[in-house]
Amino acid sequence: MRTLQLPIQEEDILSLHVGDPVALCGVMITGRDAVHKWMVDTFIKKTRSPQGDDLEVYAALKPLLDGGVIYHCGPVVSGLDSGAYRLVAAGPTTSIREEPYQGDVMRHFRLRGVIGKGGMGAKTLAACKEVPGVYLHAIGGAASLIAQTVVKVLGVYKLDFGVPEAMWVIEVKYFPAVVTMDAHGESLHAVVEAQSRAALDNLLAQP
Amino acid sequence: MPEIIEYILELVRLAATDLPPDVEISLRQAVEQEEPGSAARGALETILQNVALSRANSTPICQDTGTPIFYVQHPEGWSTRKMRQQIEAAVAEATQRAYLRPNSVDSLTGNNTGNNLGGQHFPTIHFEEVEDDTLTVDLILKGGGCENVGAQYSLPNTSLGAGRDLAGVRKVVLDAVHKAQGKGCAPGILGVAIGGDRGSSYLASKEVLVRQMDEPSPDPELAALEERLTAESNQLGIGPMGFGGKTTVLSTKITSLNRLPASYFVSVSYMCWAYRRRRMTLQGDQVSYQ
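The listed protein sequences correspond, in order, to chains A and B.
Just so you know, we're using the working numbering here: the first sequence kicks off at 1 and counts up by one.
Just so you know, we're using the working numbering here: the second sequence kicks off at 1 and counts up by one.
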């Protein structure tokens, strides 16, 4: 298992290949459906004008995401009343829903990695090559275990999106994941999809 | 009728944090199927560590604690209105205690209610009156990742070559498993309903998931199809998390409903490996959990 310090350097990204297990250390941000739509609509395609604290949040996010990673996760959080936040359960959510947005978000913020589950498609794979970056697969449902690698909640943005959809800024120590899409154009998900397609065709041909 | 808030709260805690033994056994058997050192085996080992940790600490197995779906069988004369109020109170308290994530979102405004309540359909509660004096409550927590890969087919389906018979059912279910890949958190459990209308068919495909892992359909023909579908799904090679591997589906549950002459629906509810379903039984003041 290889340790990766956040933010990740370009040479480290280029040395990663599909199948490599990694352990992440440093600061990352959670972001899922509402966040990706908000980023693209407000700051990338600009179909919506900034409102409320949008510009402040954007200014705070830029340095955190430059060379950083975004984690597709809607955690269970305790301490909501007191503000002494702790992530109780924090596994990955299905990433493919962000496929329309992810490539643009990676390019805009110079994101070096995306963590989630289930893999992503051709648009994100192209962005991984270009930026360059990687897709890191965490174990879906391993929420208590992953939450233990979150040593501190440093802050939260857009809590008005709701607890699962907010951006939680977290410090992690040895957060476990596997590279399933790399910066060299390889995707484990594309391979498994094609192989299982062939197996399905074979089964469908049987009575 | 007695007050049931505390009993339901414990049922929610158990469901969210303590994976049923039959599911854990099945996952342990799956580990042995996968190659040592493979990503598939690593995923299953991580899953089992997480199951033990969640049980020890009473923390959610998965952060997506899903839609709470209750199946309530109650004695004659009990008020479903009062039971609903008490179940809702227990769900709100379970959310406060971080057994559940706040998951109920207004579809028009996007606002999260913060307590897992909202309208008549969140949480989902099905009531049925039974003859004896026992209250039985089954709870399934069904996460969004696996719910999103559920599928419904109207047979015949020309592109899959699926006709209106069990051979056709087999084909569309295999197609659904292939389409799901790892996105529903494989290895999964398949709930399949044949027949009904679109609504009742999906409903039955979830209800069949209250069965035990090793409990086949009472219909021998369906039981044989269940076994075949589990084996053939595992030939697809999708594997745990979609990493590739031998374990894609742990178990298949099939049920059938009467249908209209014109309709032949097959509904597939995909349940993730975090198959969180628990049962509470109350007889007099004796409560037990399974």
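Simulated from the structure, these hints should not be mistaken for lab results.
Note that the structure is predicted; figures quoted are calculated from it, not measured.
Be careful, since some hints might not be right.
[As the list claims (entries may be wrong)] Which chain A residues stay away from chain B? Per the calculated CB distances, all over 10 Å, these:
id	residue
1	S15
2	K117
3	G119
4	A147
5	K152
6	L154
7	S196
[Claimed, not checked] Chain B stretches covered by chain A per the calculated footprint, using a threshold of three residues with CB under 8 Å from any CB of chain A:
id	region
8	28-34
9	125-137
10	228-242
Note that the Cβ used here is the ideal one computed from N, Cα and C, for glycine as well.
Right, here's what the structure says about each hint:
1. S15: 19 Å, holds
2. K117: At about 7 Å from chain B, K117 (chain A) fails to clear the 10 Å cut-off, so the statement is violated.
3. G119: 6 Å, violated
4. A147: 7 Å, violated
5. K152: For K152 (chain A), whose nearest Cβ neighbour in chain B is about 17 Å away, the distance exceeds 10 Å, so it holds.
6. L154: 19 Å, holds
7. S196: 4 Å, violated
8. 28-34: With 0 residues in contact (Cβ-Cβ under 8 Å with chain A), the coverage given for the region 28-34 of chain B is violated.
9. 125-137: violated (count 0)
10. 228-242: With 8 residues in contact (Cβ-Cβ under 8 Å with chain A), the coverage given for the region 228-242 of chain B holds.
Of the numbered hints given earlier, the model fails hints 2, 3, 4, 7, 8, 9; all others are met.
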